[in-house]
Amino acid sequence: MKALLNKKIIFVSALLIVAAVVFTFSTSHPRVDFNTEVKPIFNKKCISCHGGVKSKANFSLLFRSEALAPTESGRPAIIPGKPEESELIRRITHSDPEERMPYKHAALEKHEIEILRNWIKQGAEWGDHWAYLPVKKVTVPDIESDWYKNDIDRFIFTKLKEKQLKPSAPAEKSVILRRAALDIIGMLPDSALAANFLRDSSAASYDRLIDSLLASPHYGERWATLWLDLARYADTKGYESDYGRNIWKYRDWVIKAYNDDMPYDKFLTEQIAGDLLPNPTDAQYIATAFHRNAMSNDEGGTDNEEFRTSSVIDRVNTTWEGIMGTTFACVQCHSHPYDPFRHEEYYSFMAYFNNTRDEDVPDEYPMLRDFNDSLTSKLNELTDWVKQNSNDSAANAIRQFVRTWQPSINSTAVDNISNNIIENNNYALLFHNNSIARIRGVKMDRSDKLIMRFATWKDAGVLQFRLDSANGRLLKTYPVNSFKGNKIVEIDYPVVDGVHDVYMSYTNRLLKDSIEYGIMFNWFYFTREFPAQQAPGYAKMKKQYWDLITAYLPGTPIMMENPEEWQRKTNVFERGNWMAKGKEVQPGVPQSLQYALPKDAPANRLGLAMWLTNKQNPLVARTLVNRLWEQLFGTGIAETLEDLGTQGIAPTHVELLDHLSWKLMNEYNWSMKKLVRELVTSATYRQSSKVSEENKQKDLFNKYYARGPRIRLTSEQLRDQHLGICGQLNEQLYGKSVMPWQPDGIWLSPYNGSKWNANKDAGQYRRALYTYWKRSSPYPSMIAFDGSQRVVCNARRIRTNTPLQALVTLNDSAYLDMARHFAYRMKADGGADIAKQIAKGYERMMFKAITNEKLNVFTNLYAKALEDFKKNPERTCEMIGIMNEHNNASSAALVVVANAMLNMDEVITKN
Amino acid sequence: MTAKEVHNQKLVKEAEHAVLQAHTRRHFLKESAMGLGALAFGSMFGSCGRSAPSTSIPFDPTHPLLPKSPPFFGKAKSVIYLHMAGAPSQLELFDYKPELMKMDGQDCPPSLLEGKRFAFIRGVPKMLGPQANFQQRGASGAWISDHLPHLATVADELCFLKGVKTDQFNHAPAQLLLHTGSPRLGRPSMGSWVTYGLGTENQNLPGFVVLTSGGSFPDAGKSVWGSGFLPSVYQGVQCRSEGDPVLFINDPKGMSRDVRKASIDAIAEANQQEYKEYNDPEILSRISQYEMAFRMQVSVPEVMNINNEPEYIKEMYGVQPGKDCFANNALLARKLVEKGVRYVQLFDWGWDAHGDNASNALDVGIINKYRSVDKSITALLLDLKQRGLLDETLVVWGGEFGRTPMMENRNGAQNPYKGRDHHTEAFTIWMAGAGIKKGFSYGETDEIGYSAINGKVEAFDIQATILNQLGFDHELFTHEFQGRPFRLTDVSGRVINEIMA
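The listed protein sequences correspond, in order, to chains A and B. The letter at position 307 of the first sequence is residue 307 when you use my numbering, and the numbering goes up by one with no holes. The letter at position 429 of the second sequence is residue 1429 when you use my numbering, and the numbering goes up by one with no holes.
The hints are simulated quantities; they were obtained by calculation from the structure and are not laboratory data. Quantities reported herein were computed from a predicted structural model and do not represent experimental measurements. Treat each hint with caution, since some may be false.
Here are the computed lysine-lysine pairs in the DSS-like style, where the Cα-Cα straight-line distance is at most 30 Å [unchecked claim]: (1) 696/A with 159/A; (2) 1068/B with 698/A; (3) 827/A with 848/A; (4) 104/A with 1075/B; (5) 1276/B with 690/A; (6) 1261/B with 871/A; (7) 1438/B with 848/A; (8) 864/A with 1253/B; (9) 1165/B with 581/A; (10) 1253/B with 760/A; (11) 1068/B with 44/A; (12) 840/A with 1068/B; (13) 387/A with 542/A; (14) 1116/B with 581/A; (15) 54/A with 1165/B; (16) 836/A with 1253/B; (17) 1261/B with 836/A; (18) 1385/B with 1418/B; (19) 840/A with 1276/B; (20) 696/A with 1068/B; (21) 1075/B with 581/A; (22) 149/A with 136/A; (23) 166/A with 1276/B; (24) 690/A with 836/A; (25) 159/A with 1276/B; (26) 615/A with 149/A; (27) 864/A with 1261/B; (28) 698/A with 1276/B; (29) 1276/B with 864/A; (30) 1261/B with 870/A; (31) 1314/B with 827/A; (32) 173/A with 1276/B; (33) 1126/B with 512/A; (34) 121/A with 56/A; (35) 1375/B with 848/A; (36) 1068/B with 104/A; (37) 1276/B with 755/A; (38) 871/A with 173/A; (39) 1276/B with 163/A.
Model the full structure from these sequences, guided by the hints.
Following this line, the structure appears as structure tokens:
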């Protein structure tokens, strides 16, 4: 084995030498560029032993300060200006293989050694990677061509010239119509809009089309789809049982934000810290569900704190990967191997997220309880009364408690003293007879009321509450008798001040068995009597308060900060292990990007949002621009959307990326619609996507944009387009997730009896993004087309082309159903003549006339199918599915044709 | 074959592989100056903490599953992984502990509880003696309990790993760790890595097939066969005994094969015309995917049909055609491997022997689980052997963790039936075939089966060993993602050389 490996190395080395000979002609460097010349060598050849993970011989190349510091030998390995005295050069050129670096690997190539030598000679200056420097205004290239529509084209044209490529002709009207609609609204345009555009031969017709599309409410649906991948939005919690999660209002918030063209800085701020804004609106609370989309684990026996921690980690990783195009996850265990982020900085960043109220409890608290207008006006009346008769802070506390039942103590956080348990270690506190439990460190704060939510199914129980020990001062004896479901009660006790442990005991003579439980708790809230007892209207208001608290309402999980006394400390996790807590850290952003943190930013999520949306932040605008570009052109300007760092694939047009990022922040004030508009009105975008032979040879993957994008539709675009073609698309906006048809037996989660109850009504024809998304068993046809599983942030979908996709659009009953409706539509459109029917159908899909060749293909298919159905009437019946006016051979044959037409490459592709 | 011949053969293979790689890369590199585009190459350098040139996997998006040679000659061409989801008890099957019997009913010593985390045990549980009779079997003398009378007859084919450990004591995370190398969601599963690295030999069948039984998916859901950050084409394809054997494989009702053929031809023709206009090679690839889909529609139902197997084979496995049962899946595993499928993953749900009800009690429901797999696993081994496939098929059996030597006392009270809690410190996995020692046992637990005391292995070592049998060095088999090379075994893993034949 060993010998084998050596041989392999020799073989590989031989190849490398050959390669080196070919490539090493130019070795003289006027000025060595650290980022493009030096850093790649370090990353490739050195940094795995001398970087963020390991720094062998105490030598690391991650930061300049480390690289120039004395190593184990006592001397620095790099001496600026003096390559020959630098140990680094000595070691990479050493003749003794035991001494020569990289250790046990092929030597550096000659030209690489020259680069390093020259670089040290020139002072060993460090350079910051482009993506970590603030976006600056870029000079737009000044070459003339009448091809230009906007500045994008100047950047693209410059590169095309450099690569000796020529732009393609503009796409035909029918093609650009379909492309723009699929890109902007994610589905085909309605027939009036299409007809207007195709008729209108004026120069401004395209701009008018774009404006109409951007103004469509379907715009928000299309772009929300993209964001939901980043937000890992799903309708279930994940892990074993994968129970449902009621969080669709967040999805609707995203759609609406796009439709309102909410500026991206506000869009981010509300999602990261909406709850910390002054007097947050419902919408701002719902926005924070962004980070409540992290998975939670209800599996019996799991530790809530472990999975709370894992949600917090997920929030950190999502924030970096989704919003800043940076892989931060590896910093969890050690300093970043290549990029300027230290191990400890991961945890400082985590500290921003580590003080939210959520504790991985099955009820998903904190939730914003759904208030309709009537409840809201009652609440306003109530808080106005409190403001008037007491004070603002009491009113605010009441408002918060009524809407969220917070800040309350989850029963799972209570300590067992005797005879009680936390069911499944994570579910709820339950009492046997003679149980005692302790609620630790309650800030009583002159309170005299305990409000608690609980359930009991045994009469004759007695609860007692005592201070500071199991036989401490008795606060209250409270008898409890059985009732159905959960109940919220108020228990009064003499005023207590200070911080105390509250001991709670339970006895019940009816509980004979020591195994039997009598009572189960949900949460506890210690508070003061409803204020202003003397004021007029008190009784009415107190009742109103109580009615609002106890109203049975669904809610949406939101972010909410812990009160001061419950603040958690954040520690470094040694090697990423959450049980091995290292030194304590405070909220903060990495040192290397500290410059973008405004001086007045508070040390909480709001401060974090200020840092993200500061125009100095180098990553946020670039990541967004890159992503929007990828959505339209198929590949990002930097291909690795998830990593703009030194290991990401270098951008093809870095100046263009910066130009658009600058413009987004400074001219468009973060308007995403304006940015999309700029992209789709460029001549670059409007090119034909036909591939010339020359273009194919020089740029197969269209990295330089000498032609328009040509990309297979996403799973969502595909479904929405097909529903539109067959005339069944339900254009209703917003609302609960729906269950379109899916095969039986897809859902089989353990301990979870939930069933897929397919919508039989128009709900089954809603757009793809409203499809109920179960993390452990996502909708199969969308997964086949590279839909994201939505378990963690997915920054980029990788397109594949597989036979399983063909099987979906050929055979999935949902797609067959569409083919049927499409066939009936063709019949209605085309009259008696089959050729005319097919031609009409094609026009509906492609907005242009079908060629004679294609028409022949499908009329032949029709004839063949017709013959088959005529001979086999039972097949006709099966193909149509039900007995209706279409139950005849010609309709059945047309369904076959429709099914084939919906599978044409040009139909499932954005041309 | 002499050792030298073997060595030479490896070198020939290796050279072929190098040529293939060079060719594949050149083919794609010449197309674009950057050489990347839609191509994602595996990393050229090491993972966290390692700096060796890694195995570079050329990913051809138009033919992602074409067979590729591994970096070195692997003994295994295919893997069949039999996962008993819920985690079977080592103490009732393979890890014979007479000392534990002596402690039966006594309070658990505090030393076994201090500083330990359990899913359900609280306070001081009682010890629980083995709920089985053990005998030594075959020439190798392996201890196998009476619960597995059939498997006992093939003891000399098996290689036991008795010192397996994990650090996850909940099902979903432990299953993920074993199959994806991380207890959290989002990483590619082992079968995805394998098909990514090796492609598959039969283009008319999926390369990575998953079969489930027991009425429920494994606890970690479909993520245990997901492709994580690898292209989705490498995710496991679930084949089913009920409904379509593969989702959407059957033509719509009323569509004859002839009409389907005609429609595939029509689509191809229309696409050809489009290709003439657009000249985009992606269109040709679409045409070939549709042709492949058409072929799969024949080959999948064919291979999934167990009715046409001879009676004695059906009898040997104990199949129940049309039902969701492990026996059917075991037979299907053999059929699939025979047809060139690379990785066959079976999950059988229902092994979680807590004893909080009769169906999961060691002395009631779990006895039925033993019976439901014993005969078919034995049949699978013998069937593979009689076809000469066992030498090139690695069979792995096990759960995601072990069970405690203590009787579970859920929430501090004795459970109504005999059961054991989840246990991370020791369990048994066995392997057979494809270059693994026969009739061998590696690793040992203490006298009550609580902790592994020697021959300790963990999920990463199992993964490293499986990859090794397929011809991969697990440390060099990486994929570039999020700016760093990832590998199945993360930053750990050791090939268990002690069990190599």
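With a cut-off of 30 Å on the C-alpha distance, tell me whether residue 1068/B and residue 698/A pass.
28 Å, holds
Do the alpha carbons of residue 1126/B and residue 512/A lie within 30 Å of each other, as the hint requires?
24 Å, holds
Tell me if the straight-line CA distance from residue 1253/B to residue 760/A falls inside 30 Å.
Judged against 30 Å, a Cα distance of about 20 Å means the pair holds.
Holds or violated: are the alpha carbons of residue 864/A and residue 1253/B at most 30 Å from each other?
With Cα atoms ~17 Å apart, residue 864/A and residue 1253/B stay inside 30 Å; holds.
Residue 864/A and residue 1261/B: Cα distance at most 30 Å?
Answer holds: residue 864/A to residue 1261/B is near 11 Å, not above 30 Å.
Between residue 1261/B and residue 870/A, does the CA-CA distance stay at or below 30 Å?
18 Å, holds
Taking 30 Å as the top limit, are the C-alpha atoms of residue 690/A and residue 836/A close enough?
28 Å, holds
Straight-line alpha-carbon gap residue 698/A to residue 1276/B, limit 30 Å
19 Å, holds
Given the hinted pair residue 696/A and residue 1068/B, is their Cα-Cα distance within 30 Å?
27 Å, holds
What's the verdict on residue 1075/B and residue 581/A, does the C-alpha distance respect the 30 Å limit or exceed it?
Given that 30 Å is the threshold and the Cα spacing comes to 44 Å, the pair is violated.
Given the proposed pairing of residue 615/A with residue 149/A, does the C-alpha separation stay at or below 30 Å?
Holds, at roughly 27 Å.
Residue 836/A paired with residue 1253/B [C-alpha distance capped at 30 Å]:
27 Å, holds
Going down the numbered hints, you'll see the structure goes against 7, 12, 18, 21, 31, 35, 37 and 38, while the others check out.
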